[in-house]
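Residue-level listing of the chains:
Number of protein chains: 2
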Amino acid sequence: MKSNQCKIVDCTIRDGGLVNNWDFSIEFVQQLYAGLNEAGVDYMEIGYKNSPKLLKGADSAGPWRFLNDDFLRKVIPQKGNTKLSALVDVGRVDENDILPRSESMLDLIRVACYIKDVDKALQLVQVFHDRGYETTLNIMALSNVMDHELLEAFELIKDSVVDVVYIVDSYGSLDNNDFRHLIDKFKTHLPNKRLGVHTHNNMQLAFANTLVAAENGVELLDASVYGMGRAAGNCPTELLVTHLKNSKYHLRPILEILENLMIPLREKEEWGYLIPYMITGTLDEHPRSAMALRASEEDKDKVVDFYDKLTTPEVNFNKKK
Amino acid sequence: MKSNQCKIVDCTIRDGGLVNNWDFSIEFVQQLYAGLNEAGVDYMEIGYKNSPKLLKGADSAGPWRFLNDDFLRKVIPQKGNTKLSALVDVGRVDENDILPRSESMLDLIRVACYIKDVDKALQLVQVFHDRGYETTLNIMALSNVMDHELLEAFELIKDSVVDVVYIVDSYGSLDNNDFRHLIDKFKTHLPNKRLGVHTHNNMQLAFANTLVAAENGVELLDASVYGMGRAAGNCPTELLVTHLKNSKYHLRPILEILENLMIPLREKEEWGYLIPYMITGTLDEHPRSAMALRASEEDKDKVVDFYDKLTTPEVNFNKKK
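One line per chain: the protein sequences are A and B, in this order. If you count the first sequence from 1, position 125 lands on 125 in UniProt numbering, and the numbers rise without skipping. If you count the second sequence from 1, position 273 lands on 273 in UniProt numbering, and the numbers rise without skipping.
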């Protein structure tokens, strides 16, 4: 396996924030950045850059949900080699919030969208590209996209300025063969674009799928320390760092992050392979019903009833895609 | 993927017993058997058939460590389609304890050994084969076996009566490519033998590696419900049951086992992906040092110090292979 051209994008704060409403202290984020930098991780996605005006529940969230450049400069007064990234969602970002890159701490802006919004996402990409940022387009929920929709999207993408196009397994329902198939299709139709993957661990395949991507020429690999991320979580950064061949990464700083930050946090917050998430993964649907179940102290382990509800049409509430 | 010729060997009691000293109630085992049978699982490995005379600490263990045929007949008065299996270790089994299959509840006897004992294991296999059992040879710790040793073992195995030869990733250190390589080698040198795999989840690759095996013609797939097994545990039965294509398996009975038996048990006993097991996996060594660490209330999360001890030669205690 030759994968030394791969780059790791650590999403602990951004995707992990979906678990704890971005309630990370400044010191936590500073220690995480220092450790990722020492480990040689290429990018740290330090949060979302959506607009609080365009989102409900904005008041209660931690500062990593709506990144502010002045704030970021105080958090990370001295940048190392690890670049900083932020994610925005189509329809939730105000492009006026995005400074030119020369005035910002951020290096990379990633635009997430569903397939129907690829055109809008690419308009945003153009704006951020013109302001000097590296850009990615993250197409979510690919397991629910029909082939002709994807082919139409490719037509838009191939003529765009976007640097990297992401394959996102939003529901954690894809296996190695599915990833191989998708990567092959993306490479065929977008020969001029670099690729990225973002996996979820509903079926305990997040790391394995990411390795398949690395072997097949995918360059940007999303991960998070201890796999912290919504529901079943992501590909663990520690596994990529220790296992990618011919790479420059160091495991020990990630172990320090695990011991000092992530293992204690996992005592308080829940993510990872749990049966309700396995069920939504195998059924290829959004984990929101499973997240609601896990939030119920009384029912959270009633997995048989949960499965019956999702698979019996007449009682199929809670199932919206 | 065509894998409908695969057979699942559920090892929850046998390998899970290494976690809780085989402290499963009779009712627990009966419910597990009923559920596996309803789910269509092919084999249940209900314990070890070693001799208590040949093992230390035998008194404290539950009855599944030293299976007794009279006892088994009471536990499972009515067998379904799920066959019963037992594991024996070279040097720990008294062949006089093994009844003829016609007088036993067991269908399959599996002989585990390290590479140097393949000759002794095959002598046992011959005895059990002559008594009417299906047999497997489970070669452990293959990641630490040199090529010429393996080739010598193949010479013995190919002329033996053993039905199935197992590739066992004892340390959970192998990835998909390693498995592909080993399976290819086993198929080349043992064209007349069926194959099996037993994986461990130290690197979150147990399920993915088992799928690779299924796709490459391996027939017997070891698993355990909720992955219960020593240290990082095994490939989860629930994932195989739900994901193998063109198979006859049913997920719902396994979800009942999870809800009624395994999720409550996981509250009391520990197994699965934990950083000390990831560390021994990535270092390709036996998890015993990590198990000792997890048994220490004070040090169990001190993963940096643990890593330093295993990787710094002058303080490298606790590292025996």
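Read the hints as simulated data drawn from the structure, not as lab findings. A portion of the hints provided could be inaccurate.
Pairs involving identical chains hold if they fit within one copy or between any two copies, as the list cannot separate such chains.
Straight-line C-alpha distance at most 30 angstroms; calculated DSSO-like pairs for lysine-lysine [said to hold, decoys possible]:
{"hint": "1", "residue 1": "Lys74", "residue 2": "Lys116"}
{"hint": "2", "residue 1": "Lys185", "residue 2": "Lys245"}
{"hint": "3", "residue 1": "Lys245", "residue 2": "Lys309"}
{"hint": "4", "residue 1": "Lys193", "residue 2": "Lys268"}
{"hint": "5", "residue 1": "Lys7", "residue 2": "Lys302"}
Taking the hints in turn, this is what the structure says about them:
Taking the shortest Cα distances, Lys74 and Lys116 never come within 30 angstroms of each other, neither inside one copy (38 angstroms) nor across copies (61 angstroms). For the identical chains of this complex, Lys185 and Lys245 are neighbours both inside a copy (25 angstroms) and across copies (22 angstroms), given an alpha-carbon limit of 30 angstroms. Only between protomers do Lys245 and Lys309 lie at most 30 angstroms apart by alpha-carbon distance; the minimum there is 23 angstroms, versus 44 angstroms within a single protomer. Taking the closest pair of Cα atoms, Lys193 and Lys268 never come within 30 angstroms of each other, the shortest separation being 40 angstroms inside a single copy and 50 angstroms across copies.
For the identical chains of this complex, Lys7 and Lys302 are inter-copy neighbours only, at 28 angstroms across copies versus 40 angstroms inside a copy, given an alpha-carbon limit of 30 angstroms.
In this structure, the hints that do not hold are numbers 1, 4, in rising order.
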